[in-house]
Amino acid sequence: MDTIAVDFETFYKKNEYSVRDLGNWRYVHDERFDPYLMTVFDGANSWAGNPRDFNWDALEDALLLAHNAAFERAIVGRLVEDGIAPVRMLQNQWQCTANMTSYLCGNRALAKALAVLEGQPMSKDIRDWMSGKTWQDAVDAGKADELARYGVGDVRECHGLWTKYSPRWPSHERGLSELTMRQCARGVSIDAELLHEYITVLQEVIFNLEKSLPWTDRGAAPTSPKAIAEQCRVVGIPAPPVKSHFDDGEEQFEAWEIAYGPQFPWVLGVSQYRQLNKLLSSLQTIRERLRPDNTIDFSLLYFGAHTGRWSGGGSGLNMQNLRKVPLYLKDRNLVSPPGSLSVKDAKDWVANCTDYAMDIRRLFRARPGKKFILADLSQIEPRVLAWLTGNFQLLEMLRTGMSIYEAFARVSMGWTGGNLKKENPDLYALAKIQVLGLGYGCGWEKFVAIAASYGVLLTPEKSQELVTSFRAQNPLTTGLWRTLDDAFKQSIHSDFEMALPSGRTMTYRGVSRVVRSKKDKETGKWRADWAFTALVGDKRKTLYGGLLTENLVQATARDVFGQHLLALEDQVGDVIFHVHDEAITEVDQDVTVKDVEHVMSRTPDWLEGCPVSCEAQEAAHYLK
DNA sequence: GTAATGGGCGCC
DNA sequence: AAAGGGCGCCCATTAC
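Each residue of the first sequence is one higher than the one before, counting from 1 in the numbering used here.
Please note: incorrect hints may appear among the correct ones.
[Claimed, not checked] Calculated lysine-lysine pairs in the DSSO-like style (CA-CA distance at most 30 Å, straight line):
(1) K133 to K164
(2) K594 to K278
(3) K422 to K594
(4) K226 to K211
(5) K324 to K164
(6) K324 to K370
(7) K133 to K143
(8) K446 to K624
(9) K243 to K226
(10) K330 to K347
(11) K164 to K14
(12) K13 to K278
(13) K278 to K371
(14) K344 to K371
(15) K226 to K347
(16) K164 to K422
(17) K164 to K211
(18) K243 to K541
(19) K211 to K133
(20) K344 to K330
[What the hints assert, rightly or not] Here are the in silico distance ranges between beta carbons for each label pair:
(21) V343 to E608: 40 to 46 Å
(22) R88 to C353: 27 to 33 Å
(23) P368 to E81: 19 to 25 Å
(24) N333 to G479: 24 to 30 Å
These are calculated hints, taken from the structure and not from any lab test. Don't be surprised by glycine CBs; every beta carbon is placed ideally from N, CA and C.
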């Protein structure tokens, strides 16, 4: 079979008319859509020109390659609709070399991937210059040849990368890449009526809120930090603490809100404005993306994170960070649950409110005649950590169906009684936060914040006690930190490679040691300190044993979930989208929760002995 | 004018 | 010796 690389240059304008602004489908169906240049390379010959002049027979039955193939594929779909490309073009197989290079070296962008894999620089200047310009503009400016050369260069590189590197890209990973493209194009069905209602209501709420912020009268933006600081100065209260400047920044900010919120409504109003505006932006994006059948396409990036997880971005709507707690609106004003509540408690709090609740997750629903089955893996990361560290005692208890938190309490906290959650809920809560928060080397200050996010308040003394006892009672875990830390440091002046159980390897390129000044906790004095760094994608980061452990666990959990995704598509039905350890499947009425659970409870061959389980439920729309 | 950066906020 | 991590989008501000 021929393998042919294809690339299109299309009219775009940054921040106005681009894939980033509109998503693939809406972009190629816009009236401004103009694929003015097509370039093709089959390994020997290249062609460049207007797609109307292309001999499409040359692509019949070929494997098509593109860097960001989801985009090229959407363009071909539009060309087919317009009768420019033949209908049989919908049958070609595609492979995405951007997905491939993400897997191989953590870089999606062609120029960066070439720089890392081939040590080769590449300029995108002409493409940047084309923002807002047409093919005729390029001709008039005498840049048409340069543009065509650039396009041909792209397809040559794309083809070359595939030829040289595709053998290193395992077939199941190609399968996940293809599945991702299918999922994004297939999209999800939207309750359009509810969407429009939500937008109308939310606009009114935001309008009311904006008016209540004193500085908006003076023309300042609703969330202007300068205006907020000025207002604080005028009324004689301290400016809000910057959350990221402190381990307990979240708590400090909350304390500031509690101290001054009752006297000055705008103190709470700013956060509320940001929350509401973020939600409204998402709703408006969904509205702009609606296709005639009331579905939207979206973007999920295969290997978007260096650990291999998918990321949700690239087209202005992220399906992986839709808010869980509905907004409670009373008389067209937002009433927020107390900040101290956990997500689960906040949801219960809103559920008990009458008036009006707005839940963005309700908008995503199964297509007519189908139903959703939502399934998520149960504590996959701590289970993987237990397997990686050889914590057989814990794994054995999990195998009996015991909760991981109770098993942890028995193995590491001396619990010998019956059902922990029923008999000693306080100890259960302490076990839970340790399992979720202490596996990767977290210190006591940060642990206070993590515990708080699960609704557990720890004093500094209690936090220190838990961190210390966790490390003493879990030598297998601290041993893995140490092992990876040592191995990483041994790799100085070269690359550090970390083998995963699945056979995949994570590579941290260019390990080096840097000297930094650091504040001594006891004396408060600055002194020299070493840190070991390496490249993660194209960014240099400081790494250490606990962090490498976390990366290893996250990557392994991703590989487990990836196997489940392929099996679900193969054996159960369409996976509409997924969020790290949670699959949203859209299935026929005769498919059962058990069918999904069966697939997602399977332990891969390469993780034998690690109990995997999931929780699944049917629903008419997305929830949880 | 656009690019880069950092804070805030959403998720697992 | 110690250090939780992985993302994306919106907004405001600053840098160029």
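Unsatisfied constraints (hint numbers, rising): When the structure is compared with the hints, numbers 1, 2, 5, 11, 15, 16, 17, 19, 21, 22, 24 turn out to be violated.
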